[in-house]
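A.B. asks: When the count follows the numbering used here, it moves up by one through the sequence shown with no breaks and lands on 106 for the last residue.
Calculated from the structure, these hints are not laboratory results. These numbers come from a predicted model, not from an experiment. Even glycine gets a Cβ: it sits at the ideal position worked out from N, Cα and C. Some clues are possibly wrong.
[Unchecked claim] Heads up, simulated EDC-like pairs for lysine to aspartate or glutamate below, C-alpha to C-alpha not over 16 Å straight-line:
id, residue 1, residue 2
1, Lys-35, Asp-71
2, Lys-35, Asp-73
3, Lys-35, Glu-57
4, Lys-35, Glu-67
5, Lys-35, Glu-60
[As the list claims (entries may be wrong)] So the derived label-pair ranges between C-beta atoms look like this:
id, residue 1, residue 2, range
6, Ser-99, Ala-16, 34 to 40 Å
7, Glu-60, Gly-87, 26 to 32 Å
8, Gln-63, Arg-29, 23 to 29 Å
9, Glu-49, Arg-82, 19 to 25 Å
10, Phe-89, Gly-17, 16 to 22 Å
11, Glu-49, Pro-83, 19 to 25 Å
12, Gly-37, Ala-16, 30 to 36 Å
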Amino acid sequence: MTFVNAGTLGTVAGARDELVSRLIQRNDRLRKLGCLAYEVGTNDEEPDTVFVVEIWESAQAHRESLSDPDVSAAITAARPLLSGAFGGFRFDVAGSPLRSEGA
Numbered sequence: 004m005t006f007v008n009a010g011t012l013g014t015v016a017g018a019r020d021e022l023v024s025r026l027i028q029r030n031d032r033l034r035k036l037g038c039l040a041y042e043v044g045t046n047d048e049e050p051d052t053v054f055v056v057e058i059w060e061s062a063q064a065h066r067e068s069l070s071d072p073d074v075s076a077a078i079t080a081a082r083p084l085l086s087g088a089f090g091g092f093r094f095d096v097a098g099s100p101l102r103s104e105g106a
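Start from the sequences, fold in the hints, and give me the full structure.
C.D. replies: Right, dumping it as structure tokens:
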């Protein structure tokens with residue numbers, strides 16, 4: 004079942020653009036791990052926040068990706084840019100009006 008992990012990452016003051024730059028570096032490994040989409044965004048009204056929406060083949064694929072050495076290294080490299088403020092939600096996709104049921 005398709006799984007969505009959407010959330011916010013608080014950054015230390017002035018580090019938002021650097022974090023965005025790191026998060027949007029091309030990473031074909033994510034697709035091999037089961038990531039269907041990984042979208043990163045900002046909102047000028049929240050200058051120290053990065054918004055991320057991840058769509059995965061399954062919750063299990065997402066969990067397993069966190070133990071991948073490349074993913075772990077990217078998380079470790081990003082930690083100094085993070086303030087520790089996180090928000091968000093996760094869910095299994097029930098369907099979409101943009102595709103046939105079961106697709």
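A.B. asks: Does each hint fit the structure? Answer for all of them.
C.D. replies: Status of the hints after comparison with the structure:
no., hint, in the structure
1, Lys-35 <-> Asp-71, "holds, 11 Å"
2, Lys-35 <-> Asp-73, "holds, 12 Å"
3, Lys-35 <-> Glu-57, "holds, 14 Å"
4, Lys-35 <-> Glu-67, "holds, 12 Å"
5, Lys-35 <-> Glu-60, "holds, 11 Å"
6, Ser-99 <-> Ala-16: 34 to 40 Å, "holds, 38 Å"
7, Glu-60 <-> Gly-87: 26 to 32 Å, "holds, 30 Å"
8, Gln-63 <-> Arg-29: 23 to 29 Å, "holds, 25 Å"
9, Glu-49 <-> Arg-82: 19 to 25 Å, "holds, 20 Å"
10, Phe-89 <-> Gly-17: 16 to 22 Å, "holds, 19 Å"
11, Glu-49 <-> Pro-83: 19 to 25 Å, "holds, 20 Å"
12, Gly-37 <-> Ala-16: 30 to 36 Å, "holds, 34 Å"
Consistency note: the structure conflicts with none of the earlier hints.
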